[in-house]
Amino acid sequence: MTLRLTNTAKTYPDGTKALLSTELSVAKGEIVSLLGPSGCGKTTLLRIIAGLEKPDASSEIWFDDDNVTTLPVERRQVGMVFQSYALFPNMSVRANIGYGLKMQRLSKPEIDARVTEVLEMCQLQPFAGRAITALSGGQRQRVALARAIAPRPRLLLLDEPLSALDASLRETLRDELAILLRKFDITAIFVTHDQDEAMAIADRVAVMSHGRVVQSGTPEDLYRNPTSAFVAGFVGNAMTLRGRVKGSTLHLDGGVLPLPKDGTGQTVFVRAEDVRIVEDGPLRGKVETVTFLGTHYRIGLSGITAEGLASIHSGQTAPKVGTTVHVAVEPAALMLLPEEAGAA
Amino acid sequence: MLSSKTKILQLIVTLSACAFLLVPTILSVMAGVTANYFKGISSGLTLKWIYRVWELYADSIFLSLWLAFACLICTLIIGLPAAYGLARNPGWLSRLLEEFISLPLAVPGLALALALLQLYGSMKGFRASWTFILVGHVLYTLPFMVRSILAVLGAMDLKTLEEGAATLGASPWQRFRDIVVPNAMPGILAGALTVVTLSIGEFNLTWMLHTPYLKTLPVGLADSYASMRLEIASAYTLVFFVLIVPLLMAMQWASARAQRIAK
Ligand SMILES: Nc1ncnc2c1ncn2[C@@H]1O[C@H](COP(=O)(O)OP(=O)(O)O)[C@@H](O)[C@H]1O
Ligand SMILES: [Mg+2]
Numbered sequence: 001m002t003l004r005l006t007n008t009a010k011t012y013p014d015g016t017k018a019l020l021s022t023e024l025s026v027a028k029g030e031i032v033s034l035l036g037p038s039g040c041g042k043t044t045l046l047r048i049i050a051g052l053e054k055p056d057a058s059s060e061i062w063f064d065d066d067n068v069t070t071l072p073v074e075r076r077q078v079g080m081v082f083q084s085y086a087l088f089p090n091m092s093v094r095a096n097i098g099y100g101l102k103m104q105r106l107s108k109p110e111i112d113a114r115v116t117e118v119l120e121m122c123q124l125q126p127f128a129g130r131a132i133t134a135l136s137g138g139q140r141q142r143v144a145l146a147r148a149i150a151p152r153p154r155l156l157l158l159d160e161p162l163s164a165l166d167a168s169l170r171e172t173l174r175d176e177l178a179i180l181l182r183k184f185d186i187t188a189i190f191v192t193h194d195q196d197e198a199m200a201i202a203d204r205v206a207v208m209s210h211g212r213v214v215q216s217g218t219p220e221d222l223y224r225n226p227t228s229a230f231v232a233g234f235v236g237n238a239m240t241l242r243g244r245v246k247g248s249t250l251h252l253d254g255g256v257l258p259l260p261k262d263g264t265g266q267t268v269f270v271r272a273e274d275v276r277i278v279e280d281g282p283l284r285g286k287v288e289t290v291t292f293l294g295t296h297y298r299i300g301l302s303g304i305t306a307e308g309l310a311s312i313h314s315g316q317t318a319p320k321v322g323t324t325v326h327v328a329v330e331p332a333a334l335m336l337l338p339e340e341a342g343a344a
Numbered sequence: 001m002l003s004s005k006t007k008i009l010q011l012i013v014t015l016s017a018c019a020f021l022l023v024p025t026i027l028s029v030m031a032g033v034t035a036n037y038f039k040g041i042s043s044g045l046t047l048k049w050i051y052r053v054w055e056l057y058a059d060s061i062f063l064s065l066w067l068a069f070a071c072l073i074c075t076l077i078i079g080l081p082a083a084y085g086l087a088r089n090p091g092w093l094s095r096l097l098e099e100f101i102s103l104p105l106a107v108p109g110l111a112l113a114l115a116l117l118q119l120y121g122s123m124k125g126f127r128a129s130w131t132f133i134l135v136g137h138v139l140y141t142l143p144f145m146v147r148s149i150l151a152v153l154g155a156m157d158l159k160t161l162e163e164g165a166a167t168l169g170a171s172p173w174q175r176f177r178d179i180v181v182p183n184a185m186p187g188i189l190a191g192a193l194t195v196v197t198l199s200i201g202e203f204n205l206t207w208m209l210h211t212p213y214l215k216t217l218p219v220g221l222a223d224s225y226a227s228m229r230l231e232i233a234s235a236y237t238l239v240f241f242v243l244i245v246p247l248l249m250a251m252q253w254a255s256a257r258a259q260r261i262a263k
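For the protein sequence lines, the chains are A and B, in the order given.
The numbering used here numbers the first residue of the first sequence as 1 and each following residue consecutively.
The numbering used here numbers the first residue of the second sequence as 1 and each following residue consecutively.
The hints are simulated quantities; they were obtained by calculation from the structure and are not laboratory data.
Honestly, I wouldn't trust all of these hints.
Here are the simulated lysine-lysine pairs, DSS-like style, with alpha carbons at most 27 Å apart [claimed, not checked]:
| # | chain 1 | residue 1 | chain 2 | residue 2 |
| --- | --- | --- | --- | --- |
| 1 | A | K102 | A | K17 |
| 2 | A | K102 | B | K159 |
| 3 | A | K286 | A | K246 |
| 4 | A | K54 | B | K124 |
| 5 | A | K17 | B | K5 |
| 6 | A | K54 | A | K108 |
In this text, all values refer to a predicted model and were calculated from it rather than measured experimentally.
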């Protein structure tokens, strides 16, 4: 199914503008992630798509050629995985997964067959008869997913499905979820505030900030060509090089850097992996911290730009704390972005 | 040494408190099965007083059971949706409503009865029918039902559970039937037992509302104390205990269970 939102906005009764006028399209079979910091309106957008929240008057929501804007949630045929999973405590795992099928008035043997199939897909057979309270967090998450997809929804919506889990479990389940979603071959929207999660699971990421989608594209695209300071900072943790731009040079506390083009009125960003410690670099900085990370060192530098700078250093040895080093950055690795008001 | 002394003291205090409560009860019950109370146990044990109670007051027993049942149905029909509504719409208005429903708890039964008499006393057909007493009982027991269900519903994320069911295609009625009611069951059960126990045992209000043809179990008890031989009144107490004690125990068990779930 393709999903199309036009001019969709949400103002809560208390006046909070949680979602500003938003356009969003999701192609058939595509897995899109809504990525943004807490409070930026991701859940609101997801709930509007599900039909759990009524959008402002101008909004339109299309599932293929059906305008579902006023269709109540129970008739939208969406599957939803809630942040808290919302599993029914009065039903077993099997009954939870079969509930949506029961609502579709399928016959008992049909329900049994479908539930068994989904249980198998999600590797939940050993827990079929268990009570919800007798499951671990990871198992609950899988039951929630199984329950959502069992009725074969037109669209699957997931609201931070991994955030309730331990950090150690999260990474394994993240990859498992990416595989499962591909196996279901379903159009899905996945909400998260964790860029690694979004990158690992989604075909396309829509970055949200302050109630609007600021940029959407493949993970590579967002990483390499951010169009705003916010995206550069949020996806891939780009750092600001704060200094004075004069034509195509950048004057920093630690020296002068050539820019790839005229940078008047722009802010310059760089990523830690592009900050290289070399003998003859044009910038000079003091080593503040050295963190050994196995394959590389992460080195914190001061004296180059006000906010400090980090460098990923992959040599066999690292410079000592307190020493002064020379630093170079390829002009091509610098990202010049318009300074925007209100960016987080 | 000291601690064993305190323990013995504690034991004595506890036992004497129990005796204080139990001895009159046992004496009363014994009187109900004694052939002649004034001659004492030596006059022999008999069940004839219990038969007499049955002959005289079977109607009261059935009326009380019927009233309790009808009261239970009414409090369920009113209380379950009310508790659900309050749980789904938290806020100051709900709190206010909850307090309002609970008002009969704070008002003495006599005052409640007086209010009912003033309001409906002139409606002769209603005044003389069992439904008049029922109204009093429903008013008096409703807060227990509502609070008991509300405690259980308030302890779970009802809104999200219902939203989960809605995304799976459940209509509002199906959500209520499949999610709300089953999950509220411990509260409903505790509330139901409380309502039945209170309705069967209620005296103040019922005494004011009853007519000579409509005596409930406790009103009958008062009547038997006032106008029958002591043995019959005592036998009546025995019958009353047999009815109310198992209910009381079931109520305590169910309330404890509901509280465990609500915590
Ligand atoms: N029911 C509500 N009433 C009023 N404001 C709300 C409500 N739900 C969310 N908000 C506000 O809307 C904004 C977006 O919330 P949400 O969509 O939950 O963000 P996210 O999921 O990205 O963390 C937040 O500022 C939040 O406080
Ligand atoms: Mg959220």
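Consistency of the hints with the structure:
1. K102(A) with K17(A): violated, 38 Å
2. K102(A) with K159(B): holds, 21 Å
3. K286(A) with K246(A): holds, 25 Å
4. K54(A) with K124(B): Between K54(A) and K124(B) the Cα gap is close to 52 Å, so the pair fails against 27 Å, i.e. violated.
5. K17(A) with K5(B): violated, 70 Å
6. K54(A) with K108(A): violated, 35 Å
In the structure shown, a violation is registered for the earlier hints numbered 1, 4, 5 and 6, in ascending order.
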